[in-house]
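Asker: All letters in the sequence shown, in the order written, are residues 856 to 1233 by this note's numbering.
If you anchor each label on the Cβ, the simulated ranges turn out as follows:
| hint | residue 1 | residue 2 | range |
| --- | --- | --- | --- |
| 1 | PRO899 | GLU1038 | 28 to 34 Å |
| 2 | ARG1096 | PRO899 | 21 to 27 Å |
| 3 | SER912 | TRP1122 | 51 to 57 Å |
| 4 | PHE1127 | TRP870 | 36 to 42 Å |
| 5 | ALA1104 | ALA860 | 45 to 51 Å |
| 6 | GLY864 | LEU988 | 40 to 46 Å |
| 7 | GLY976 | GLU1038 | 28 to 34 Å |
| 8 | GLY976 | THR867 | 42 to 48 Å |
| 9 | ILE944 | PRO899 | 33 to 39 Å |
| 10 | ARG1169 | PRO967 | 47 to 53 Å |
| 11 | PRO1118 | SER974 | 16 to 22 Å |
| 12 | GLN961 | ASN1129 | 20 to 26 Å |
Treat the hints as calculated values from the structure; they're not laboratory data. Glycine included, each C-beta is placed from N, C-alpha and C at the ideal position.
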Amino acid sequence: MSGSAGKLGALTGFWIAVGLIQTFNWGSGIPKALVMLLVIGSAPLLLAAARRSAPPSPAFTRAAAIAFWIALALNLVYLGARIIAPHIIDIGTTTLAAGQAVLHGQNPYARPIDTGPESAGFTGYKYLPMMILDYLPLGAPFGQRGVLITNLALLLAALWLMKRIAGTMLAPLALIMLPLLAEQIFAKGATDLAAVLPLLAALALIERSSFWCGICVGLSIATKLLPGLAMLPALIPAARRDLFVAGVAVGVLPILPFVIAGPQDFWGNIVFFNLSRLPDSTSWLEAMPAGVASAAHLVFAAAMLGAALHVLRRNPPVITRAALAAVLGLAAILAGPGAHHNYQLWWLPFYALALGLALEPPGRVGYISADDIASRDT
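Start from the sequences and build out the full structure, keeping to the hints where you can.
Answerer: Take a look at the structure:
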């Protein structure tokens, strides 16, 4: 991808695609799915363009840095406006309620925390224990404002990791310039970044420690089953995969006490509830026969298997892993019963990271082959 104009065009195209996904919401499952498929189809083109990428000019680099700080300032202003009288969605309010249950020595999976019409008879907490722990320190004293402040901390950490992985401000800029991001974490109080941040940390650690990479993936799964399970194939390290598996096992340990305390309540709210959900109008599957949904699940399973085989055989560089993680996140949404806006937070940081790396010249960290660093693992 040569020239500042081409790089600016790529950023603009990404912004437009995400804007369309944000526009197509309830009752627009099919057009939303089509845009998401276009984004999936653009991933190979992005990787191909990366091989021809020219170094950004100093002026473009400075402009990207300035644009990032402006976008961050605008996000902070928006947060300031929303935090005055917050009104967050159920993913945040039920997390606060689950935290209160834990503080009072109660099992959040056995309490009537989620009693909405879609609870399908499972009224306990619908997310995993690390989600509770992440939002408890600020959520307990500050309520809904604590959720928004926690989201700010998670966003800043994600941006820092993206800058550390990519080496420039382009990747963080590609993420923070998205209106959907600010709407979800600062207006709606969506908590999905709590599950995404450990996955970004895993990508940052993949060339350094298989064990800690695995712990990060496990912590993501212990926060919310998806996106961690979906993106795991893209994060399998090149060396000491036994340590990676051990790390994942350690990372999911926070789940264990709640399984022991009430296995029926836990499995009912975490597993059976999700298996029983019917597609809603944000999903292209809403009006489709049941067999189509089953086929979509098989395609998603095949995508995960194909990604795992590719990673195991080729040990791809970081830019490819980021693109694979984004594609798997998108595939998980397309195969699921809903394509809600907060779900888009799963893949956006990884696609933004791949895009930022594609705008960099070859030879940066994002292009180092995992074969070259396999011996560095600790």
